[in-house]
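Undergrad: Next come the chains, spelled out residue by residue.
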Amino acid sequence: MLKTGPYLRSSLTIEQVMVDVLIALIPALIAGVIFFGRQALWIVFLSTLTAILTGAVLLRAPFNLRGILGDGSAAVTGLLLGLILPSTAAWWVPVVGSFLAISLIKLAFGGLGYNIFNPALGARAILLLAFTSQLVKFAVPFDTITAATPLLSSRTFSWPLLWGNVGGSIGETSVIAILLGGFYLLYKGHINWRIPIGYVGSAFVLALLWGLDPWFTITTGGLLFAAVFMATDMVTSPVTFGGQLVFGVGCGILTIFIRQYTSFPEGVTFAVLIMNALAPLIESVTIPIPFGVGLARETRLKGIAAAGAALLVAVGALVWIDNTQPALTPILSHGQHLPIADWLGTSDFESLDFEGSRFYVTWNEEEKPAKAVYLAEQGGFNGPIRFLLVLDQEQNITDLRILDHREDPGLGELITKPEFLDQFVGKNKHNELALGEDIEAVSGATISSRSFTTGVKRALENFELAFFPQEEILEWADGTYFGSADSFGGKLEVEVSVSEGVIASVLVTGHSDTPGISDGAFEKIPERIVALGASKVDAVSGATVSSEAIMKAVQNALEKAGTPLSEGVMAYSIPPDGTYRGQGTGFGGELSLEAVVKEGRLAEIVIVESSETPAIADGALDQLLPAIIEAQGPVDAVSGATKTSGAVLEALDDALVKEEGQ
Amino acid sequence: MIGRTFPRGGGEIPHRKEATENKSIVVFGAPPEVVIPLKQHIGACCEPAVAVGDHVKMGQPIGEARQFVCTPVHASVSGEVIAVEERPLPDGGKSPAVVIKNDGNDQLYKEYKPRDYEEMSPEEIRRAVKEAGIVGMGGAGFPTHIKLDPPTVIDTVLINGAECEPYLTCDHRLMLERAPEMVEGLLAMIKASGAETGIICIEANKLDAVEVVRQAISGHDNLSVEVLQVRYPQGAEKQLIKAVLNREVPSGCLPCETCCIVQNVHTAIAVSEALKGKPSFERVVTVSGGAVLDPRNVLVRIGTPIEDLFNFCGGLIGEPAAIVAGGPMTGPPVAELGGPVIKCSSGFLALRENEVGFDQNRPCLRCSRCVEVCPMGLTPNLLGELSSKGYYRKAEQLGLLDCIECGLCSYTCPSKRSLVTWIKDGKAGLAKEKAS
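Residue numbers (this note's numbering), protein chains in the order written: chain A, 1 to 662; chain B, 1 to 436.
Just chain B, with the same shape it has in the complex (with noise of 0.2 Å):
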């Protein structure tokens, strides 16, 4: 086993990237419609700043930031908003949303015009960062700008190529593809947050890319690339933090608290893309799954129909079992197809029944497998039990807020009991208690 790697539980699970990782990135050009939620982060809610009737142009800012924790949302086409409702989102939520039908023109709100991260005060670039919209692009959609302006000091900034969930590809494509993008929206990370080192950290089982990355570093003596060991969670936030700077994250404390920041690889390219002043409207996502007909990494336009997005993959074989959003062990199930992509879409999972596997609840052996994977050192058996029954501040003491809930458990559990579905509704039932 080559790599680092962090100390406790872990375990291996089926990769599954085959289908996608060879290929290129396919433009996806524009859907004649999309639907641009205004709420894709964690956070408050965008104002929106049109009108049902206006023409708008491609990156134009249709929703504003008005709260501390939000981020302003584009226009992914030009075109005329034609409904600003309320529309559900993939994960089976709802969020205003800005519907435009498109022109087909790609009419650009503002000229693209290239400038240097050097000549930019930190000040220069989190506000580019916070105007571009940019949220944490593998999933958790946490703005980016606020993480890049923490109350620590910080030291080193860890770009997140793990990419540990089975199926995505979409980091590693990126990495082979725009190297030099990620490397300068790293330095200016670097730049903005006051740090002095980044570390682009990738799983072992994508050597292709350490290779390309190297390359793009090379002449940076503040960069470095770590090789990790692959294992799941090892994209994890406190676990990659563990693993590359044995630093571990105090329970409750973000990463900042260890005097470092974790960035996906997307996010660095964005903010390199930010930079010259294009907004987050687009991203890559990984289209797959065994109910996929043609797999593959899709650059596709923030709010266009997941539907459209299968359809452009060839279609979908069959019912499939489940449809995902993000990756099969932490996503969430699509719940309305005809639900947008967001900025936080690392991929789109069609499974067949043959690949799935679902809860059953049978009785707990107590065979503790899930005690030995958890990477957070919990004990999931109790903490879901306890959850499940409605012992929420029982299961708060045996550390219920501490999980980070990589599915790990569920995986492992030979009785297939809904470990991680209990502990996350006991999270939530513990919010409500404190709460009232």
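Isolated chain A (complex conformation) (with noise of 0.2 Å):
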């Protein structure tokens, strides 16, 4: 048989585009270990290692360097899939979420080039929907405690988005590193840029028509990453140009849908997933009209016109829909609407971050908090619920819902109900909310009507302490003090007097910050001070930089004055002598403990089960330990170990108060 032509071919082969992918995915894998550290870089190799693996004895590969790689395309699957997971992921969900890619997603449909859905989002989804929690912990760049993504907490566009230095999946945040690899991508040829741009350019238009900051919308969740990453996987979009437009477009529109109306913030995943399902269906509506075939021009752009309009009206539809429910405030935790407006009586009110919760509130002629919707979140039975309470003037609870919650069905789930919330009705600060007494149980949820009591309580002091802060008195040694610290245009130095224990005088006496701009700060912060005693005040609206500057200066100065003489911190309750187990959440997972009581005092605190980074929790365990026995008491976490302080703290409190209610 001879060889038929053409004789001449391309030198370029499957592997060239997979080594060509994975070169343009190094920038984002760079910006992820800078901003993750290693973790991330851990993280990355599982999940492009299993792939590998996976692909090699599923395909039963020569046992060689060339027959284990392939053709690539499984180290391509694995390294995506790693990028889209958060760096504080559990060991085993890259490898787990791999080996799904690979064999269930990819090699199960026939392989490379036959599989329907992007084998890395494929399995970011099982992930997501089977370990819920692993997925949306974020980590904070720099630094070991985690966060929300910033899809959860802020919703403009700020410059760090662009660098990439914000919670996220590890791949997903630098939008310089991203583009980077964009562009390599349309530079080799490999991608074109009706997906992209379709992607992120009708997302954009939809974040204008819905209100959002689009810039926002664009750099966040996944969406850059996606829009060059992963909807222009050759194998799942389609191949004709009008079916990539389509299909980009449609990723978009998707992709903001789901973030508005669904449970899930980022989006990205089940958009594009969702449009891969249609990429055949696209193609073949899509097929071009070959040469020579030439519709008539006027047809032709009759068709386009058809469709721009079809466009237009179904887009208009859903923006006026959405309009027709005046004054809806979209919120973040469940993708519900909540009618804040209703709540407060006003849609002329502001909405506030404070501590990882948000307000809605509208103030009376003092500036203090007339009416307020509070969302807050405490740990239940099976997970996190999340409330909202709505309070008075005098911070009464006038109403209050569970927005979400995973109590068991049947059971944890009956705090929902009126019988339970309406209990809370009337109470505020001043009520003990103690169980039994204040607030009836839900027979059988014990622990779940527990937990949403607590967090009932700590909301109302988070509140009180958000827009009602004690003015602590405390005391130092009477002198003249110096301290310093840095500003927005340099150094800033103050002198601090006091006299009879309390601060007398704060006098900034050296800055180079912007005349005009800070003054108000110069003005009014040390006069807050001395009115207060505390170093801690209120900022200067418009002069934050230069009124934090102050505080830490006066701070800083004060430390030279001695200890704060403050009160003792609550210690604990303490049951019964005996030993008492509890669970605390952590940054690695689940941290279990025993806590000890002799004598009626905590004695001892045994670790049993950690899943905590051990070069970073150890030494905040040995520290934290002692202290907490010592106080008898919880303690102010250890810095650099948040979240592990956070779990040793809840799950002593776990311990502690378990045993007495159950």
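I should point out that these hints are in silico values taken from the structure, not numbers from a laboratory.
From a predicted model like this one, the values you see are computed outputs, not experimental measurements.
Even for Gly, the Cβ is constructed at its ideal location relative to N, Cα and C.
Don't take each hint at face value.
So these bits of chain B aren't anywhere near chain A, every CB distance computed over 12 Å [claimed, not checked]:
#1 G141
#2 T197
#3 D208
#4 Q229
#5 E307
#6 G315
#7 R393
#8 S436
Derived list of chain A stretches under chain B, where covered just means 3 residues or more per stretch with a C-beta under 8 Å from a C-beta of chain B [unchecked claim]:
#9 4-15
#10 619-628
Please dock the two separately framed chains into a single complex, following the hints provided.
TA: Here it is, written out as structure tokens:
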């Protein structure tokens, strides 16, 4: 049999394509490792290795390097998956994910070229549904604490988003790194502009229509990463040009919809997967018109005009529907719209974030909350319980709702019933909210009831803290002290004089901040500090940096004045002698400990099980545990290991309080 | 990028013309024996006009055209007919052929007699072209006299000097060396077809030819030269017309639907020769490729065994990875080295392992590169897939029959899938299905 032509072939091979994609992912990987540390590298390594090995074993590849690496597509899938996982995930998450991606989503469908869904995203979807908590905790760059992805906290664009110096999945945060990779792939011709531009463009436009910050929308939640690396996956996107554009636009629209209306704040994963499923259909209706078949130009234009009009009508209708419910405020936690304005009686309210919680507030003349809606969260039996409180001027609870929870159906779930919740109405911070006294627990759901009650109590305390800060009178040794701190323009210096144990005056002696802008801070902050007698006061809006700097400098000065003689922290109510077990959620997962009570004192704390990073946690625990025992109560978290500290305290709480009630 | 081009698809491919583009055409006398197939063109086979034992002269008709789409063939040497039988064609097919033992005298059948086309009627020109047995010499082999008598009004005759196939340089050399003849042939064809203007279309990698041809057309206001961007397949008829005249040949139609005809450079020269009575029995072919010791452009008699042609160019180095008739993108493989050079043979290439690539049929990545490069706006991956699985009707709906088989999809494919082969098979399968 003679070999047929053409006899010239381009030098491009599947392997070359895969290697180029790997190269394009390097900037995102580097950014991820810079921001999230070695843990990120570890996750990506595990996912890539598992993907390669899974492919090699299932395809019974020859046992040599070339054979194991195969065409390189498994490595691409593994690397992609690693980059869309959070660095805080446990080690088995990338392993399970990559195994599923290669075995179930790729090879089971026929292998390279035949899979319907993007393997990395498919695997992520399974992980997201099966191990939600592993995928929604995101590390904050350069630190070991975790925070929600930016989509859950702030909603506006800021420059760190460009570099990627924000929380998120390993490879998804750095816009610059993703764009670098994208331009490389464009240059190499492995992707074209239609899908990424269609995706980002439609998301941008929809965000504008919805009144979201469009720049924020396209730079967060993995949207750009998906637009450049996921939606452009050749195998699972249409081959036709029109189809590619439709595909990209569809991804963008779905992403925004999912973010707005469902409980998945990033939206990207399911948007692309849904479009993957639609790709063959899209392709079949966008087959190009061949050369010379030329529908008359007018007919073609008419078709384009009709499609455009349909799209406009659809988007318009959605916007209209969305706007017919006035003053709805999108809530991030559950994608629901909550009638905040109805509860507050006005649409003229302000939203504030305080220590990870969100408040919607209207103000009275004294610039204190007249009415407030407070979104709070508390750990329940199976996971977080998210709820909201509506508070009046006296901080009485006028309404409360549970937004979502994971309590057991038929048991813990009963706390959502009005019979239980209504007990809280009219209560305020002065109520003990003791279970069995003020509040009847739901029978069969004691733990859920307790958790929720504790949550409400904490929320009330928090609210107090946020809006009515306690004026702590501290005492220092008399004298004049100098302190400094870094401010906007450079070093800022203060002179603090203490007389009769309280701050008598604060003088800013030197600064290089911009006159005019910072003046407010220089005028008001010293006054406030003196009035309050503490270094922590409200910042002057518009001059936050200078305000904070002054406070820090005062703090710095006061440190030299000796330790403040503060009141002792609340001690634990110690249960009868015995050993109590408790659990808390830390950085790496569950942490459990035993608290030994002897002679009415907390005598010893033994960590039974911990998945914390040893290097960080061990040192922290060495500090933390003795301190707790000494204080016989909660102490401040060890810096650098906030999450672990929190877990220990939570577990202690659990151990000592659980005993009391059950 | 200078020059016009076609709007959709296309791509850059290696030229590899260096080996022969600067070498003048050399004459390869005549072999001891020629095999002249009676079917060297699209259409019906000729009836043999001679019998074994007859003595024929050079230029004597040895096959008669009795059908409409048919054209006569002529003896390319003088000598004795030693066989009239089925012989292999270079592409693996078979055709009845007249085998002539060369007597070495090159005795002419009819003396050449220069005639001025201006004194001839269109009818006379077409008859001269038909009698000379001229077919499209670019590779297609469509009888030229039929093309010159189209059913529609023609305003333009295009000379296709794009020569976009790699390696091939015969048209390039002909334009450099025989431009005046080409211009005369073009003028004759303009007259024969009733057109007004003629445009000679040359890719921008042959600017020396552009210069020479510009000089050759001076004094003829109705002729012009169009420089085209170097882009494959610029020389495909439909793409050429789109690039030069911005007319789109409707699907399933001939170029005459757009009021123009396209002729090859060599065809134009053959027409000018036909005017003085010289039939089409020799042509210039490019013999090239890494496995050829001394690549050249050779003026060779029709019927010369390909083997002799390679030997004339120094012979083959080692075992070539592929031997191709025509360009490497569209040319068929040479099945039989003993097969003859025919009228539409533009080149013969013997390629080494390091300069060729073959089908590997790895899985389709759906990378859409084939869609991007297809000059006909098709989806080659889908056409190939459907054709290979026998869904010919479905493939037809997606434009199977519009494919010009330029090979660019297979060239570009990272999985080296045999897209063009499947599509060709699909066309054959569809024809069979329709016939039954």
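Undergrad: Against each hint, give a clear statement of whether it holds in the structure.
TA: Hint check:
1. Against the 12 Å criterion, B:G141 stays outside the reach of chain A, whose nearest CB is about 18 Å from its own CB.
2. The Cβ of B:T197 sits about 23 Å from the closest Cβ of chain A, beyond the 12 Å cut-off, so the non-interface label holds.
3. B:D208, annotated as away from the interface, keeps every beta carbon of chain A farther than 12 Å; the closest lies near 24 Å.
4. Look at B:Q229: its CB is around 17 Å from the nearest CB on chain A, clear of 12 Å, so calling it non-interface holds up.
5. Every C-beta of chain A lies more than 12 Å from that of B:E307, the closest at about 16 Å, which supports listing it as non-interface.
6. Interface exclusion of B:G315 from chain A stands, the closest Cβ pair being 20 Å apart, more than 12 Å.
7. No Cβ of chain A comes within 12 Å of the Cβ of B:R393; the nearest lies about 15 Å off, and the non-interface call holds.
8. With a least beta-carbon separation of about 26 Å from chain A, B:S436 lies farther than 12 Å from that chain, consistent with its non-interface assignment.
9. For the region 4-15 of chain A, the assignment as covered by chain B holds, since 10 residues bring a beta-carbon within under 8 Å of that chain's beta-carbons and 3 suffice.
10. For the region 619-628 of chain A, the proposed coverage by chain B is not satisfied: 0 residues have a C-beta within less than 8 Å of a C-beta in that chain, short of the threshold of three.
In terms of the numbered hints stated before, the structure departs from hint 10 and from no other.
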